[in-house]
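S.K.: In order, the protein sequence lines correspond to chains A and B.
Numbers in the working numbering are just positions in the first sequence, counted from 1, shifted up by 1.
Numbers in the working numbering are just positions in the second sequence, counted from 1, shifted up by 1.
Any given hint might turn out to be false.
Copies of one chain are not kept apart here, so a pair can be met inside one copy or by any two copies together.
DSBU-like, lysine-lysine: derived pairs with alpha carbons at most 35 Å apart [to be verified]: (1) Lys285 / Lys31; (2) Lys174 / Lys201; (3) Lys290 / Lys103; (4) Lys55 / Lys201; (5) Lys55 / Lys280; (6) Lys290 / Lys218; (7) Lys285 / Lys99; (8) Lys290 / Lys102; (9) Lys233 / Lys199; (10) Lys5 / Lys290; (11) Lys205 / Lys151; (12) Lys199 / Lys174; (13) Lys174 / Lys280; (14) Lys205 / Lys174; (15) Lys290 / Lys198; (16) Lys290 / Lys33; (17) Lys151 / Lys3; (18) Lys174 / Lys3; (19) Lys150 / Lys102; (20) Lys102 / Lys270; (21) Lys171 / Lys270; (22) Lys99 / Lys64; (23) Lys101 / Lys198.
Because the hints were derived from the structure by calculation, they are not lab data.
Note that the structure is predicted; figures quoted are calculated from it, not measured.
The residues making up each chain are set out below.
2 protein chains.
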Amino acid sequence: MKKKYTIGVDLGGTNIEVALVDNKGNIIKKVKVPTRVSEGPDEIINRVIILIKKIMKDVPPNKLNGVGIGAAGEIDHRRGRIWFSPNLFWENIPLVAKIKKKINLPISLENDANAAAWYMHQLGPAKGVDNLICVTLGTGVGGGIILNKKIYHGWKGKAGELGHMTLFPKGLKCNCGSYGCLERYVGAPYIVERAIKKIKKGEKTSIRDKVSGDWSKITPYLLEREARQGDKLSKEIWAETGEYLGIVLASVINLLDLEMIVICGGVSKAGEVLFDSLKDTLKKRIFGKSPGMVRVVYSRLKEDAGVIGASLLFS
Amino acid sequence: MKKKYTIGVDLGGTNIEVALVDNKGNIIKKVKVPTRVSEGPDEIINRVIILIKKIMKDVPPNKLNGVGIGAAGEIDHRRGRIWFSPNLFWENIPLVAKIKKKINLPISLENDANAAAWYMHQLGPAKGVDNLICVTLGTGVGGGIILNKKIYHGWKGKAGELGHMTLFPKGLKCNCGSYGCLERYVGAPYIVERAIKKIKKGEKTSIRDKVSGDWSKITPYLLEREARQGDKLSKEIWAETGEYLGIVLASVINLLDLEMIVICGGVSKAGEVLFDSLKDTLKKRIFGKSPGMVRVVYSRLKEDAGVIGASLLFS
Chain A
2 MKKKYTIGVD LGGTNIEVAL VDNKGNIIKK VKVPTRVSEG PDEIINRVII
52 LIKKIMKDVP PNKLNGVGIG AAGEIDHRRG RIWFSPNLFW ENIPLVAKIK
102 KKINLPISLE NDANAAAWYM HQLGPAKGVD NLICVTLGTG VGGGIILNKK
152 IYHGWKGKAG ELGHMTLFPK GLKCNCGSYG CLERYVGAPY IVERAIKKIK
202 KGEKTSIRDK VSGDWSKITP YLLEREARQG DKLSKEIWAE TGEYLGIVLA
252 SVINLLDLEM IVICGGVSKA GEVLFDSLKD TLKKRIFGKS PGMVRVVYSR
302 LKEDAGVIGA SLLFS
Chain B
2 MKKKYTIGVD LGGTNIEVAL VDNKGNIIKK VKVPTRVSEG PDEIINRVII
52 LIKKIMKDVP PNKLNGVGIG AAGEIDHRRG RIWFSPNLFW ENIPLVAKIK
102 KKINLPISLE NDANAAAWYM HQLGPAKGVD NLICVTLGTG VGGGIILNKK
152 IYHGWKGKAG ELGHMTLFPK GLKCNCGSYG CLERYVGAPY IVERAIKKIK
202 KGEKTSIRDK VSGDWSKITP YLLEREARQG DKLSKEIWAE TGEYLGIVLA
252 SVINLLDLEM IVICGGVSKA GEVLFDSLKD TLKKRIFGKS PGMVRVVYSR
302 LKEDAGVIGA SLLFS
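Bound conformation, chain A alone:
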C-alpha cells in the first residue's frame, strides 16, 4: 500500500532542494540550500542527509514511502550510483549506499530527465499516455522515456540521451567526443552561436542594435523576444532549431512509435515558430501509412518540478 508522503530531493549543480510531498504532488514543506560543488561529494552528501533528517522530524516514519532523488547525469538507477555528473563533477559515486547508512528509508535515485518525464506522465499532459518521450531543452538537451507506462532505463540505466543522438554525421565536435550531436546545435549556447554566425555574415536583424555589437549579450531569451517582434533572423534561428529537433525526433518516432512528445525546459518557450517547424519536420519524416500522428505538447516545468518529480518515483 502506498503511504501518504514521500521526501523528494532535487540535487542540482546550484541548489539542493528537499521537500515533503504528499501523494498528490503537493509540497507540504520545503528546504533549500546552495550545493557548493567545490566542497566535494562527501560534504554535499552530508548536507543532503541533514536536510532529509530535518524533514523526517515532521512525519511519523510509517507514513513515508521513502526518499526519491533526482540528479543530472549518467545515473545507474538500479545500483543507486552516479556514474558521471557533469554539473556536480562527480564520477562513480554510490550515492544511495552513502545515504542509506544514515537514513533508514527506501531510497530511489533517478536521472532528472527521467524524473521530469515521470512527472509529465503522473501529473502533466502525458497522463494516461503509455509511450512518450519528454524532451528537456536548456543548456543541455535531455530525454526521459516512458514505455508501457514505466520509466524506461535500458541496460545500464543510461537510456534517453536524446541530445547525443547524431544530427549531422560530419558535423561539429560535441563535448561528449562525438560529432554532430543534436545538443551541439540546439543546446542554448549553440542556438546563440548559430545566431552570432548569421549576424556576422551580415544578415539584417534587430538583434544587432539591441546588444550594441556585444555578442555576449545575445541569449535565447533575447532571440525569443525578437522573434515575437517579427525579427527575421531570430525567427529563422527558431525555425531551424525546430527542424533540427524534428529530424532527430522523427528518427525517435520511427524507432519507437511513441504517442506523445512533451517538450519542456527554458528554450522551448520560443513558442509557435519553433513548434510549427518541429511539427512540419515530423510530418515529412515520420514513416508509414497508418492513421494517427504523434502529439507534440509543450509543458512549462513548474519551479518545483524537480522535487515533486523525484517524490513521484514511489508512485
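Please arrange chain B on chain A, whose structure you already have, making use of the hints.
M.R.: Relative to the frame of chain A, chain B by itself:
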C-alpha cells in the same frame, strides 16, 4: 500452460510457408507454395487458410497453441491488421479477422523483423539478453526491438523502423518520402549504387573486369567476394556501410541503452570489414563514462527462421 505445437506462417512476397513447429523450434512438417501477389489479398489469404487446415489435420487441436504469422510491412499487431505491405502491395487488410472466420485457433500476427528479433531472443545469440535490437540487412533495412524481454511494439505497432531513421538530413530522397534515410544508403540496391558511383569516377577495382562493363551485374555478393579478395574499392564500400550503420545504431544505443545488437540478413555476410567499421563507429559515438559496451553479434538467419520465428510468438 503452453501446448506442444504451434503453426508458423511466413507470408512473404515470393512464397507462403506454413509449418508445424514444436515447443523447441523444430519443424515437424512444412508446406510451401508461391504467393502469386498479382492474385490479390482474398485469393492469397484463402491459400494461407488451406495450408493451415492441411497442417491442422495432423495434430489434435488441444495440442496446438495457435497460429503465428510473420509478414513484412506496417503491421498492427494488436488489431491483427496489415496497414501496409510493400511486398504484397496490400493496404489496410484485417488479416487475422479474415483467417479467424475459417480457423478456430488463437492467431497472432507480427512484423517479420519483430519475429526475427524474437527468434534471436528465444533461440539465437540474444538468449537471456533483456534489451536488444535485431537488424535485418537486405533489400530493406529492418529492426526488431526486444525491451525488458518482450517484443516492443509502440503505440500503433510500428516500432523498429530503423531503416527510416535519418542518416543524412539533407541526403538522398528515400522511397518513403523522407530524405537521407539509413536504408537509402545501406539497403542492398543502394550499396550497389554507391559502388557504381565510385567505379564511374574511375577508381581502380577488380569489379570492372568481373562484370565487363555491365553495371547491372554488380551485386552485394560480388562486392563481398571482391572485398575478401582484397579489392580496395569493395572494401571501402563495406567500411562505409559499417560506418553508416554505426552512426544510426550509436544514436539508437544513446536513446535506448541496449545490451546487444544482432545483425542478420543477406548483406551482413560481408564480414569483418563491415563489422570492424561498425564497431569503431559505435565506440566513437556512444555517450557516457559507465563501463561496459554494447555487444554486436552476427547471426546468419537459417532458411526456416521465418516460420520458426512466427511459431515462437506463443512462447
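S.K.: For every hint, state whether the structure bears it out.
M.R.: Taking the hints in turn, this is what the structure says about them:
Within a single copy, Lys285 and Lys31 get their C-alpha atoms no closer than 46 Å, and across copies no closer than 43 Å, so neither meets the 35 Å cut-off. For the identical chains of this complex, Lys174 and Lys201 are neighbours both inside a copy (21 Å) and across copies (33 Å), given an alpha-carbon limit of 35 Å. Taking the shortest Cα distances, Lys290 and Lys103 sit within 35 Å of each other only across copies (28 Å), while inside one copy they are farther apart (56 Å). Taking the shortest alpha-carbon separations for Lys55 and Lys201, neither the intra-copy value of 53 Å nor the inter-copy value of 75 Å comes in at or below 35 Å.
In this assembly of identical chains, the alpha carbons of Lys55 and Lys280 never lie at most 35 Å apart, being 47 Å within a copy and 50 Å across copies at closest. For a Cα distance limit of 35 Å, the shortest separation of Lys290 from Lys218 across copies, 34 Å, qualifies, whereas the shortest one inside one copy, 47 Å, does not. Taking the shortest Cα distances, Lys285 and Lys99 sit within 35 Å of each other only across copies (33 Å), while inside one copy they are farther apart (49 Å). In this homomeric assembly, Lys290 and Lys102 come within 35 Å of each other (Cα to Cα) only across copies, at 26 Å, whereas the closest approach inside a single copy is 55 Å.
When the C-alpha separation of Lys233 and Lys199 is checked against a cutoff of 35 Å, the pair qualifies only within one copy, where the shortest distance is 11 Å, while the shortest distance between copies is 42 Å. Taking identical chains as interchangeable, the C-alpha atoms of Lys5 and Lys290 are never at most 35 Å apart, the minima being 46 Å within one chain and 37 Å between chains. Within a single copy, Lys205 and Lys151 get their C-alpha atoms no closer than 48 Å, and across copies no closer than 54 Å, so neither meets the 35 Å cut-off. In this homomeric assembly, Lys199 and Lys174 come within 35 Å of each other (Cα to Cα) both inside a single copy, at 19 Å, and across copies, at 28 Å.
For the identical chains of this complex, Lys174 and Lys280 are neighbours both inside a copy (27 Å) and across copies (20 Å), given an alpha-carbon limit of 35 Å. For a Cα distance limit of 35 Å, the shortest separation of Lys205 from Lys174 qualifies both inside one copy, at 28 Å, and across copies, at 33 Å. With identical chains, the CA atoms of Lys290 and Lys198 are at most 35 Å apart between copies only, with a shortest distance of 32 Å across copies and 40 Å within one. For a Cα distance limit of 35 Å, the shortest separation of Lys290 from Lys33 across copies, 30 Å, qualifies, whereas the shortest one inside one copy, 51 Å, does not.
Proximity of Lys151 and Lys3 under a CA criterion of 35 Å is satisfied in both settings, with 17 Å inside one chain copy and 28 Å between copies. With identical chains, the CA atoms of Lys174 and Lys3 are never at most 35 Å apart, being 47 Å at best within one copy and 53 Å at best between copies. Both within a single protomer and between protomers do Lys150 and Lys102 lie at most 35 Å apart by alpha-carbon distance, with minima of 32 Å and 34 Å respectively. Proximity of Lys102 and Lys270 under a CA criterion of 35 Å is satisfied in neither setting, with 42 Å inside one chain copy and 53 Å between copies.
Proximity of Lys171 and Lys270 under a CA criterion of 35 Å is satisfied in both settings, with 29 Å inside one chain copy and 27 Å between copies. In this assembly of identical chains, Lys99 and Lys64 lie within 35 Å of each other by CA distance solely inside one copy; the values are 23 Å within and 55 Å between copies. When the C-alpha separation of Lys101 and Lys198 is checked against a cutoff of 35 Å, the pair qualifies neither within a copy, at 50 Å, nor between copies, at 62 Å.
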